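**Student:** Sequence:
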Amino acid sequence: MGGMDVGGGIAGKLWNKFRSESVFVNYTPFFVCLAAGNLSADSFHHYISQHVHLLNAFAHAYELAEECADDDEDKKAIRNLRKYVQAKLKSHDSLVREWGFELPEERSLTNATVKYTDFLSATASGRIEGERVPGKLATPFEKTKVAAYTLGAIAPCMRLFAFINKEIQALLDPNDSTHIYKKWIDHYCSENFEAYAFRIEELLDTLSISLTGEELDVIEKLYHQSMRLEVDFFSSQPIIQEAVVPLSRTLDPAVGGELSIFCDFDLTCTAFDSSAILAEIAIITRPKADPDGSETQLSRMSSADLRSTWDALSAQYTEEFEQCVESITTTKTAETFSYEGLCEALEQFAHFEKAANSRVVQSGVLKGLNQEDIKRAGQRLILQDGCKGFIQKIMKNENLTAAIHVLSYCWCGDLIRSALSSGDLKALNVHSNELSCEDSTTTGEIIKKLESPMEKLQAFNNILNNRDKDGQHLTVYIGGSVGDLLCLLEADIGIVMGSSPTLRRLGEQFGISFVPLFSGLVAKQREVVEVGSSNWKRLSGTLYTVSSWDEIHAFILGSSS
Numbered sequence: 001m002g003g004m005d006v007g008g009g010i011a012g013k014l015w016n017k018f019r020s021e022s023v024f025v026n027y028t029p030f031f032v033c034l035a036a037g038n039l040s041a042d043s044f045h046h047y048i049s050q051h052v053h054l055l056n057a058f059a060h061a062y063e064l065a066e067e068c069a070d071d072d073e074d075k076k077a078i079r080n081l082r083k084y085v086q087a088k089l090k091s092h093d094s095l096v097r098e099w100g101f102e103l104p105e106e107r108s109l110t111n112a113t114v115k116y117t118d119f120l121s122a123t124a125s126g127r128i129e130g131e132r133v134p135g136k137l138a139t140p141f142e143k144t145k146v147a148a149y150t151l152g153a154i155a156p157c158m159r160l161f162a163f164i165n166k167e168i169q170a171l172l173d174p175n176d177s178t179h180i181y182k183k184w185i186d187h188y189c190s191e192n193f194e195a196y197a198f199r200i201e202e203l204l205d206t207l208s209i210s211l212t213g214e215e216l217d218v219i220e221k222l223y224h225q226s227m228r229l230e231v232d233f234f235s236s237q238p239i240i241q242e243a244v245v246p247l248s249r250t251l252d253p254a255v256g257g258e259l260s261i262f263c264d265f266d267l268t269c270t271a272f273d274s275s276a277i278l279a280e281i282a283i284i285t286r287p288k289a290d291p292d293g294s295e296t297q298l299s300r301m302s303s304a305d306l307r308s309t310w311d312a313l314s315a316q317y318t319e320e321f322e323q324c325v326e327s328i329t330t331t332k333t334a335e336t337f338s339y340e341g342l343c344e345a346l347e348q349f350a351h352f353e354k355a356a357n358s359r360v361v362q363s364g365v366l367k368g369l370n371q372e373d374i375k376r377a378g379q380r381l382i383l384q385d386g387c388k389g390f391i392q393k394i395m396k397n398e399n400l401t402a403a404i405h406v407l408s409y410c411w412c413g414d415l416i417r418s419a420l421s422s423g424d425l426k427a428l429n430v431h432s433n434e435l436s437c438e439d440s441t442t443t444g445e446i447i448k449k450l451e452s453p454m455e456k457l458q459a460f461n462n463i464l465n466n467r468d469k470d471g472q473h474l475t476v477y478i479g480g481s482v483g484d485l486l487c488l489l490e491a492d493i494g495i496v497m498g499s500s501p502t503l504r505r506l507g508e509q510f511g512i513s514f515v516p517l518f519s520g521l522v523a524k525q526r527e528v529v530e531v532g533s534s535n536w537k538r539l540s541g542t543l544y545t546v547s548s549w550d551e552i553h554a555f556i557l558g559s560s561s
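Residue 1 is where the sequence shown starts when you use UniProt numbering, and the numbers rise one by one after that.
Be aware that one or more of the hints could be misleading.
Computed beta-carbon distance windows for the label pairs [claimed, not checked]: (1) D470 with T318: 41 to 51 Å; (2) S94 with P253: 45 to 55 Å; (3) A254 with Q348: 46 to 56 Å; (4) Q348 with H224: 46 to 56 Å; (5) L109 with D468: 41 to 51 Å; (6) D93 with D468: 21 to 31 Å.
Derived pair list, reagent style DMTMM-like, types lysine to aspartate or glutamate, alpha-carbon separation capped at 25 Å [claimed, not checked]: (7) K76 with E66; (8) K221 with D70; (9) K183 with E434; (10) K449 with E530; (11) K143 with E66; (12) K375 with D252; (13) K115 with D232; (14) K83 with D71; (15) K449 with E438; (16) K90 with E102; (17) K354 with E320; (18) K388 with E258; (19) K75 with E220; (20) K76 with E191; (21) K393 with E258; (22) K90 with E106; (23) K396 with D492; (24) K354 with E258; (25) K143 with E63; (26) K13 with D385; (27) K448 with E320; (28) K396 with D252; (29) K143 with D176; (30) K90 with D42; (31) K166 with D176; (32) K354 with E319; (33) K221 with D118.
Bear in mind the hints are in silico, worked out from the structure with no lab data behind them.
All of these numbers come straight from a predicted model, not from anything done at the bench.
Where is the CB? At the ideal position from N, CA and C, for every residue including glycine.
Taking the hints into account, I'd like the entire structure generated from these sequences.
**Tutor:** Okay, structure coming up:
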């Protein structure tokens, strides 16, 4: 998801902190269908009817905030914001007709709409959970504080709306007049609406200048709560057509629907490569002597010598990896997807990885590690934001038949299990190499199971061949390195995490297309309606890209919190 500059005040800081949650709105069935241009008119009418209630709630909140503002200029600014909403309410019917739709019938408020409007009313009235505000706002400072709180509750809605519609607008052909929601999208991408959103944020910054740190924390809490209410509001919009999101709802457990999720570990789940973590444990906790009392070359090595050895191994790995990439990418680029050419290239990576692992074993740097030290390091391992939460929600979801498999070149499965497991979760399915141990201490040998893209693919296929053949099955593979390419291509849905330049360079060399997940979903939604097909098997050689685990969460599970 792209960025948007909204200034350096509190409004900008809060948007930067919480904008990642915008994916949970973007990936709702409502917005995916709307972006595809095939959201049913009835669903849009329902949204419009609920949106009117929100507009009235915003107007009332502005009215109360204006009463609370102490400065005449601030009062005037809030009054102008209220006038903007009131003008929009007055022109609402004509705008809906201008967008090409009939006016919807008046409908009762949904639970999500009630929660949102009640939140706005309570905040503007000074009734804030956990915050002591006098029943009667006596002093100017108390009133100004509530005005700031109110703007903090309103600001994210307008910024979120402008942001999401710009994301959608970027996918549309500006010359395509057949998209029935284009005028609606263009309206919320207009300079007029952007200026309105910016005025709210500017005023929030002004009203917050004199607040204490504790009071700014209250604004942050209200801002985040408003974002979550926006997610709930759009997630609750009824969709009567088939939708491609969330993926979990397209699988029916009653007829054997099953989801198999595969993912890499290093730099997909983690923020750092695990090999460096294991080497660091070895350096810090190096053994003094072998159990029989004799000394070896390793036991005589100082911590500095071990680090020097590891640095040399790392430098050689990096140099040879780059040489391997260069030797492959200097060949002629394939005009169409070439699976055979890719496999031949990846054979070079297989030889390279195996040779690198052999050098590590021969160096002895992995000898003498205590298993408990490894497990503790795993528990403290820094994971990508949202990764562990997503895995936990998948494994705890009683309405979804799903399995998660980690396929990794990592040298130690215990490190993976301790990093991703939780006390109340069943064991993860981890497929990786292992460190050989005697009496809970590593011998320096690696029990080699996965050292190449081909071995990963074989493990992937073995797992699929052992599952129940009946029912509806979907496979998702999430990875971000060259070693994941074959599995990414084999899965029904291959998702590339991050932006590895090497993976993209190699993939494009052999005709692989990389498509942002959201735009891919919009295209898939069009296909579902136009062709009537919900088959997830991709076009050969096409992979989807994401920048965060929140995108994967939103795609597969929706907004489940």
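**Student:** Below or equal to 25 Å on CA atoms is what counts here, so check K375 against D252.
**Tutor:** Not OK: K375 and D252 at ~37 Å, beyond 25 Å, violated.
**Student:** Against the 25 Å threshold, does the CA-CA distance of K90 and E102 hold or violate the hint?
**Tutor:** Holds. K90 to E102 sits at ~16 Å (cutoff 25 Å).
**Student:** Range hint 45 to 55 Å: satisfied by the CB atoms of S94 and P253?
**Tutor:** holds (47 Å)
**Student:** Measure nothing beyond the straight line between the CA atoms of K143 and E66; if it is 25 Å or shorter, mark the hint as holding.
**Tutor:** Within the cut-off at roughly 10 Å; holds.
**Student:** Is the straight-line distance between the alpha-carbon of K448 and that of E320 25 Å or less?
**Tutor:** Holds, because 21 Å separates the two Cα atoms, which is no more than 25 Å.
**Student:** Do the alpha carbons of K143 and E63 lie within 25 Å of each other, as the hint requires?
**Tutor:** holds (13 Å)
**Student:** Would you mind confirming whether the straight-line C-alpha gap from K83 to D71 stays at or under 25 Å?
**Tutor:** Status holds; Cα separation ~18 Å.
**Student:** When you check the alpha-carbon spacing of K449 and E530, does it fall within 25 Å?
**Tutor:** Measuring from Cα to Cα gives roughly 45 Å; hence the hint is violated.
**Student:** For the pair supplied as a hint, K221 and D118, confirm whether the alpha-carbon distance does not exceed 25 Å.
**Tutor:** Measuring from Cα to Cα gives roughly 16 Å; hence the hint holds.
**Student:** Determine whether the Cβ-Cβ distance between D470 and T318 falls within the hinted range of 41 to 51 Å.
**Tutor:** holds (47 Å)
**Student:** Is the Cα-Cα distance between K13 and D385 25 Å or less?
**Tutor:** Holds, at roughly 18 Å.
**Student:** Between K388 and E258, is the straight-line Cα distance small enough, at 25 Å or below?
**Tutor:** holds (21 Å)
Going down the numbered hints, you'll see the structure goes against 6, 9, 10, 12, 24, 29, while the others check out.
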